[in-house]
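J.: Sequences listed follow chains A and B, in order.
This note's numbering puts the first sequence at residues 1 to 267.
This note's numbering puts the second sequence at residues 268 to 534.
Bear in mind the hints are in silico, worked out from the structure with no lab data behind them.
Treat the hints loosely; a few may be bogus.
Cross-link-like lysine-lysine pairs, in silico, DSS-like; alpha carbons within 25 Å at most [said to hold, decoys possible]:
1. K293/B to K26/A
2. K527/B to K179/A
3. K424/B to K447/B
4. K160/A to K231/A
5. K260/A to K424/B
2 protein chains.
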Amino acid sequence: MGDKENNYVKIPKDHPRITSLLYRHKIIEGMKNLVVAEAGLIAHGRGECFDYILGEKTNDFAIHAINAAVAQLLLAQHPVISVNGNVAALCPEDLVILSNTVNAPLEINIFYRKKGRVNAIKKLLEEAGGKNILGTDESIMVEIEELSSNRRNVDPKGIKISDVVFIPLEDGDRTEALKKLGKTVISVDLNPLSRTAIWADITIVDNIIRTLPIMTKIALKYKNYAKEQLKKIVDEFNNKKNIQNVLDFVIKYINLQKEKAFSILYK
Amino acid sequence: MGDKENNYVKIPKDHPRITSLLYRHKIIEGMKNLVVAEAGLIAHGRGECFDYILGEKTNDFAIHAINAAVAQLLLAQHPVISVNGNVAALCPEDLVILSNTVNAPLEINIFYRKKGRVNAIKKLLEEAGGKNILGTDESIMVEIEELSSNRRNVDPKGIKISDVVFIPLEDGDRTEALKKLGKTVISVDLNPLSRTAIWADITIVDNIIRTLPIMTKIALKYKNYAKEQLKKIVDEFNNKKNIQNVLDFVIKYINLQKEKAFSILYK
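So that you can see chain A by itself, here it is in the shape it has in the complex (with noise of 0.2 Å):
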């Protein structure tokens, strides 16, 4: 795929969805640099469908859920966020500020296990400035048992021992692994109906792009609250009530639309 013309597609400043096509080029540079499988474009697409009718913005059940999943990271013994191809791809250096902050480290664990990606993404992340990044070193990592791909080898420094995971972009089959392994599992999923989204503890249904900062924000907020404070907003968080919120968004969204998208046509 040497061809680079379609990296360099000119998109007008103004054009109203600019900030989704951007992000949609950084996906298909990751596939190039190895970071990014192709699957993982698909992935992105089907990411894209559901946030366009979300509105493409953090929605207030997000800001519910994103203030229960940081509290949750803070309380946590030993938190990790676990990292993909496109979370990698699309916003590395808020990886690494969250990591930071939260002061969970970052995990590399990836399905397509192909040669070179793993050092890819950690070269991505360190350029981000991120360090001792886990999930690396092939000779140490260790089984984890409920999965069969080849995503159960993972760091004995990390997930192994982990109480709290930050799944954010995860297939269905690992969160329910992750689950009944025992871990409080956080993910961030635009699809409220996704095995993950049902599955997780805690689940963001925003724009990942649109969540860690916000995360970071919050969570510099937090750390000067008592675990008393941390764990009541823990405790009130309802995920499945949550969830339902967002269902109930998409659709007052979908009955408005039964007339207004018909509106370009008497432009």
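Starting from the known structure of chain A, fit chain B onto it as the hints suggest.
T.: Using the frame of chain A, we list chain B on its own:
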């Protein structure tokens, strides 16, 4: 991207979403063979997302639109089927069969005119039995107005003189342009709210891999119908009303999921 590791991910035959996974791999293969643009993978993902919400089946509203679409194609003086990389990668044989059945030539029209892509698509269609593929001879192409991209170049024997254009998986700018040129436009789009879906005269909200064989089957039946019968089918179709029915279906589906989605947690 010489590494072919990812092409042979094993999918268990009883996987509940095996069809979706197999076509995902067709799209990835298509990219490796130059047929599909990188952005085409992301577009495929958006489609997958909507197909999931539609239950991954051809619903009544789709059949209703297919009937009108086939009648419209059979009534046309110069029908043409516009083919892009994704459609060619997903179902080349079905395109050729439909083309022969309704006497509408296939015209290649792509957004990302990477070197060799038109020829790769042409080859794929010819291997599937296609003959006289239009849109392949740059020296005879003519420009149409209303479109600024390189897709303004169309074949003088195809889209240029057409009255009815069938545009599966098309982008909104082009659909709008064709409408403004006075063409009757038939689209297949899994997103009922895309600009293509809204602008088209007849929008089939369904997965192209299911739609094309059904169109051919109905075309074989409708070929025996009198013109008046076909006209009646077209006249009785209301695209706005039909899309509103799609949206009602989606709302019903999401409402149902507010409880049902969580049942996986209690198995």
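J.: Determine for every hint whether it applies to the structure shown.
T.: Hints, one by one, checked against the model:
| no. | hint | verdict |
| --- | --- | --- |
| 1 | K293/B to K26/A | 23 Å, holds |
| 2 | K527/B to K179/A | 20 Å, holds |
| 3 | K424/B to K447/B | 20 Å, holds |
| 4 | K160/A to K231/A | 24 Å, holds |
| 5 | K260/A to K424/B | 37 Å, violated |
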